[in-house]
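Okay, here's what each chain looks like letter by letter:
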Amino acid sequence: MGDSQYSFSLTTFSPSGKLVQIEHALTAVGSGQTSLGIKASNGVVIATEKKLPSILVDESSVHKIQSLTPNIGVVYSGMGPDFRVLVRKSRKQAEQYHRLYKEPIPVTQLVRETAAVMQEFTQSGGVRPFGVSLLVAGYDDKGPQLYQVDPSGSYFSWKASAMGKNVSNAKTFLEKRYVEEMELDDAVHTAILTLKEGFEGQISEKNIEIGIIGEKKEFRQY
Amino acid sequence: MSNSAIDVPSRGGFSFDLCRRNDMLAKKGVNLPSFRKTGTTIVGLIFQDGVILGADTRATEGPIVCDKNCEKIHYMAPNIYCCGAGTAADTEAVTDMVSSQLQLHRYHTGRESRVVTALTLLKKHLFNYQGYVQAALVLGGVDCTGPHLHTIYPHGSTDTLPFATMGSGSLAAMAMFESKYKEGLTKDEGIQLVVDAICSGIFNDLGSGSNVDVCVITKGHKEYLRNHLLPNPRTFVNAKGYSFPKKTEVLLTKITPLRERVEVVEGGDAMEE
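Taken in order, these protein sequences are the chains called A and B. Under the UniProt record's numbering, the first residue of the first sequence is numbered 1, with each subsequent residue one higher. Under the UniProt record's numbering, the first residue of the second sequence is numbered 1, with each subsequent residue one higher.
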C-alpha cells in the first residue's frame, strides 16, 4: 500500500457522492457465482456453486470455501484471486490475535479486521478495491454468526443471505423459507434447495461446495 | 524523514547499541541482573512407534527456585512438541512464534506440519539473533516421513539424533541413556528410560528438580503426561497450621477524624482546551 508509483487513490468520488470503483466492484461480485449462507440456532451453513470453466479442470483442487480458523469459515462471490489474498491476510490476523491474547479470535473481530483491509484498498495509492464479497460464518461464545463483507469494507450480520448471480431470486427464496430457531440440518437442506433454484444444469456433489459449522468445528463437504 | 536525535533502525529487530555499554559497565564491576533460567534436564528419544520427550519442572532464578512446577514441553503442532532449556522467556516466546507460523503454513498447504519445517524455522530465528535468544531446544515429532528428534543450540546449530539431552542436567541424563538405550524400544520401556533419565537429572543436578513431564508422540496420536511422576512430594506439612504471636499489645485506641477544609469557588476559570 503506497509503495507503488501512485501516491493518489484510484477510487475517487463522483459528483453525486458515489465511489464509482466500488459500484463497479459490486457489479463484479454480482456476476460471480452464487453463494449463500444461513444461520441456524445451533450452527451456520455456507454454500456456493462450483461451476468450473471446463470439464478438464481438476475439481478437487478448487476450494471455494476456506477455513480461517478452526471455527470460522468463509465463502465468496466474485474474483477468486482477490479472495485468496484476503484469506491469507485474514488467517494471519487471526493468528496474530491469538498470539497476543491467547484466545481464539471472535468472529466479529476477524470480520472487522478483514473489512478494514478491504477498506484500505479503497483509499490507498495505486490499488483497486477487492472484487469479492465475503460471507464469513463462525461459531464462538456468542453463538453462531454470519457476516457479509462488501468491497467497500462495510459488513452486515445476516440471518440468511445470498450474493452473486442469482441474488434476488435466492434472497426471495430464503425470505420465504427462513424460520427462526431453524436447526442446522434444516438449514443445510434449505441451502441446497436455494442453490438448486438458480442452478443451470444438473446439481450434484461435484459442482457445489458446502461448509458447515456446528459447535466449534468447521467441516467442508461437497 | 526529518532530522531526529535518535537513530531508529529502519526495519524492526534488535538494536545492539546498548551491548557495548553493558560490556563497559561489566568491566567496571556492575553486572547484569540474573534472569530466570530453566536450569533443566530435557530429554528425547525415538522408540519403535515414534518419539518420547521428557522434562523436569523446576525453574530457577539464580539460586532460588522460582517455579516448582513449570511446563517445559511446549506445543508446536498437533504432531510436534518441543522441550526448552535456557532462559524461560526465550524458549516460550520462540516456540510460541514458530507454532504460530506452523499453523499458518498448515492453512496454506493443507498438510500436516513436518518436524524439519519446525526445525528450520527455529534455527533460522536463533541464528538471526546470534545466540542472544538463549533457547536450547529438543524438538521431536512424527510426520509423514516418520519419527524425528532434533536438538537446537542457542546459536542456531542443530543435531539429528536417536536420543538427546539438553540443559544443566544433560550429563546426568545422558549417562542413563548411553547405558540403557537400544533401538526398537517399546512404549513402556521408552517411558521408563525417559523417566529414569529425568530423575537422574532431578536428583543429581541443582538446576533441575520437582516433577517429571513426559510426552509420547506416535503417528496420528499424542499423549501429554503432565506430572507423570512426582518424586518430590511435600511430606512434612504441619497439621496444626502456622500462627504467629502478636508483637506488641494494644493499650489504647483513639480515633481523631481530620476536619475537612473544602473551599468552593463559584465561577472559576474554564478548563483550558
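None of these hints come from the bench; they were simulated from the model. Just so it is clear, the structure is predicted and the values come from calculations on it, not from any experiment. One thing to keep in mind: the hints can contain errors.
Unchecked claim - Across the chosen pairs, the derived CB separations fall in these ranges: (1) Gly146(B) with Asp186(A): 41 to 51 Å; (2) Glu103(A) with Thr160(B): 32 to 42 Å; (3) Gly201(A) with Thr109(B): 41 to 51 Å; (4) Ser100(B) with Thr172(A): 28 to 38 Å; (5) Val65(B) with Glu103(A): 55 to 65 Å; (6) Tyr132(B) with Glu181(A): 54 to 64 Å; (7) Gly143(A) with Val237(B): 21 to 31 Å; (8) Asp58(A) with Ser100(B): 24 to 34 Å; (9) Gly146(B) with Lys102(A): 46 to 56 Å.
As the list claims (entries may be wrong) - Sample of chain B residues facing chain A (criterion: CB under 7 Å; computed from the structure): (10) Ser100; (11) His105; (12) Tyr107.
As the list claims (entries may be wrong) - Here are the computed lysine-lysine pairs in the DSS-like style, where the Cα-Cα straight-line distance is at most 30 Å: (13) Lys102(A) with Lys219(B); (14) Lys92(A) with Lys222(B); (15) Lys102(A) with Lys254(B); (16) Lys246(B) with Lys102(A).
Here a beta-carbon is modelled for each residue, glycine too, at the ideal position from N, C-alpha and C.
Notebook entry, point to check: Taking each numbered hint in turn, which are not upheld by the structure, reported in ascending numerical order?
Noted result: When the structure is compared with the hints, numbers 3, 4, 5, 7, 9, 11, 15 and 16 turn out to be violated.
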